[in-house]
Every structure is written in structure tokens, then in C-alpha cells.
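With the hints in hand, could you dock these two chains into one complex?
Next come the chains, spelled out residue by residue.
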Amino acid sequence: MATEENKNAAAGSGTATGTQPVPYEGFVYLPLIAGWLVPGAGHFVLGKWGRGALLAASVLGMFATGLAMHGEIGSEVHNILDILGLAGGLGSGLLYMVARAAGWGAAQAQVTTADWGTRFIWVAGLLNVIAAVDAHNLRTGRKS
Amino acid sequence: MTYFPAVLLFALFASTVFGITQRETPMRMFRYGLYCFSLFVGSAIVLSWLMWLIAR
Numbered sequence: 058m059a060t061e062e063n064k065n066a067a068a069g070s071g072t073a074t075g076t077q078p079v080p081y082e083g084f085v086y087l088p089l090i091a092g093w094l095v096p097g098a099g100h101f102v103l104g105k106w107g108r109g110a111l112l113a114a115s116v117l118g119m120f121a122t123g124l125a126m127h128g129e130i131g132s133e134v135h136n137i138l139d140i141l142g143l144a145g146g147l148g149s150g151l152l153y154m155v156a157r158a159a160g161w162g163a164a165q166a167q168v169t170t171a172d173w174g175t176r177f178i179w180v181a182g183l184l185n186v187i188a189a190v191d192a193h194n195l196r197t198g199r200k201s
Numbered sequence: 107m108t109y110f111p112a113v114l115l116f117a118l119f120a121s122t123v124f125g126i127t128q129r130e131t132p133m134r135m136f137r138y139g140l141y142c143f144s145l146f147v148g149s150a151i152v153l154s155w156l157m158w159l160i161a162r
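Residue numbers (our numbering), protein chains in the order written: chain V, 58 to 201; chain D, 107 to 162.
Hints in this document: simulated from the structure, not taken from any laboratory.
There are no misleading hints in this set.
Derived, one-sided and incomplete: chain D residues facing chain V with beta-carbon distance under 10 Å:
(1) Met107
(2) Phe116
(3) Leu118
(4) Phe119
(5) Ser121
(6) Gly125
(7) Ile126
(8) Thr127
(9) Gln128
(10) Met135
Derived coverage of chain V by chain D (criterion: at least 3 residues anywhere in the stretch with Cβ under 8 Å from a Cβ of chain D; other residues may be distant):
(11) 104-118
(12) 122-130
(13) 168-181
(14) 184-198
Everything numeric in this text was worked out from a predicted model, so none of it was measured.
Cβ atoms here follow ideal geometry from the backbone N, Cα and C, with glycine treated the same way.
This is chain D alone, in the form it adopts within the complex (with noise of 0.2 Å):
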């Protein structure tokens, strides 16, 4: 497995659990896992290309 594909695991499991146990009503906490899983992936992303155009 190569490290977009464990970052979208690990991105989906967390948020999943995160939305959950941190709201109440199953249309807030599917919301609040989707915005999990945007900040997970999103953050991953520009994180990533920090790093590539500090490495140039």
C-alpha cells in the first residue's frame, strides 16, 4: 500500500469515529465526519507540497 491510499484509511476510520462520539444526531455527526475527513486529507495534501517545495 503506498501513502495516499493509508492516509484515505486512516483519514475514513478516524473521522468515522470522530463524528460518532462527538455529536449526537446522525445527520450532524455525518457532517461532522465529512469535515474530519477534509481537514485529515485536506491538511495532508498541503502538508505534502510544503514539504516537496522545501525539499527543491
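The following block holds chain V by itself, in its conformation from the complex (with noise of 0.2 Å):
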């Protein structure tokens, strides 16, 4: 029994748990960062389709609810709390990105669900990175 746990530890290029082999190969970074580039990607990287989908649904249907409530994408940063907004943001990758070199969502916060839909932005970036870290769990074998 150790000794077929030995083997599984030293065949394994990323064991994790050190007694499971990790059924991945390649870069071990890779869904890490295409989670977080794409939503969904790092599960899709993995072959977890149906995860995949639903964490890409989730992720885009709260920046399109955030963008369609007038929220801000963060373009100035006057205080920590516009940084904070600013990281969140980041979150949703190249979704942030493209938002903001594509000038959509509000400038200013002119209506008053333009707050929430700010949130939303913010939320949806963090909600990417939790995906996108569960992505990489999975490929070290830390989740199943």
C-alpha cells in the first residue's frame, strides 16, 4: 500500500496531496491564468464543460447586468476605495479590458441603480477570481 502510494507521488509531476496523481499536464499555471483572462477558461482548460459553462455564465451575466444597470467602469482613481474598485474590476480580465478600451458602461453615476450596477462590475471580477483559483485547485489536485 505505501509503497504503491510512493509510486503514485513520484509518477505524478504535480501531486498536490502527495498520495493522488494529478490527471493534468502541461503548465500548471495555465488555468490559473485562463480562468482569470476568460471567464470559465481555466474549467474549460481542464475539460470541466458544464462547470466551465456555468461559472462563464455567471461571471458575464453580472458585468452585463452591472453594464446594463449604467455602472461605472472604473476609469479615474481618486481614493482607496476606487483602487479596491480598480482590483475588483481587474478581476473579469480581459472582459474589464475590453470594457474599458471599448468605453461601455456609464462615465459618471447618474441614476441611482448606476451604484449597484458599479458593484456588479466589482463583484463580477471577484467572482472570476474565485473561479479561476478553484481552476487551478483542480489542477493540482487540491479539489476534485
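Below, the structure written as C-alpha cells:
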């Protein structure tokens, strides 16, 4: 038994738990980076199509709802909260960068729901970071 | 969009991600997602009534 575990540990290139072989190969941070850049892509890389699709739909839906509510895509940073918002927004990866480059979202919150829309955009980024870390955990064998 | 549909959408998206990322089997993911969704919506309703009572 112990010999078998040692064999598995030695054979796996990225064993996180020591005894469980990791079924994935290639660059260990690929799911993390792909998942950050494109929502759901980290799970797609690992062949987790269903989970990836649901995560992508959730992050994209949250982001799109934020835009529909005239949320701001942080263009100017004035204080610590703006910096945190920018960090949250950047969690959406390419989605945020494209939205910013294309000038989507409101320049300033002018309707009551726009504040909510801005938070939706921030939270979409934070959820995407959680999803990307989950893909990394799947890749390293920390989660199945 | 009014506030309540926004709350429902927020709860739906956030609890989907929480369910998938915090549990391992599909059934446990679904149950945890449902739990998070009910907590999000339930707390929003309770806090709204509290604010209404305070504002009176």
C-alpha cells in the first residue's frame, strides 16, 4: 500500500496531496491564468465543461447586468475605494480591459441603480478570481 | 431594473459561483448554491423590513 502511494507520488508531476496522482499535464498555472483572462476558461482547459459554462454564464451575467444598470467602468482613481474597485474590476480579466477600451459603462453614476451596477461589475471580477483559483485547485489536485 | 430583481440576479450569480467552487460533488454544489441563494435573498428581505421599521 505504502509502496503504491510512493509510486503514485513519484509519477505525478504536480501532486499536491502527496498520494493522489494528478490527471492533468502541462503548465500548472495555465488554468489559473486562462480562468482569470476569460471567465470559465480555466475549467474548459481541464475539460470541466459544465462547471466552466455555469461559471462563465454567472460572471458574464453579473458583468452584463452591471453594464445594463449603467455601472461605471473605473476610469479615474481618486481614493482607496476606487483602487479596490479597480482591483475588483480587473478580476474580470480581458472582459474588463475590453469594456474599458471600448468605452462601455457609464462615465459617471447618474441614476440611482448605477451605484449597484458598479458593484455588480466589481463583484463579477471577484467571482471570476474565485473561479480561477478553483480551476488552479483542480489542476493541482487539491480539489476533485 | 428595480432593486428586487437586481437582488435576485445578484444572489443567483453569486450563489452559482459559490456552489461550484466551494463543494466537490454536483449534488452538494446544488444544495450549497441553494443555501447561499436563500441566505442572500432572505437577508435582503429581512434587512429591508428592518430599514422600513427604522425609517417609520
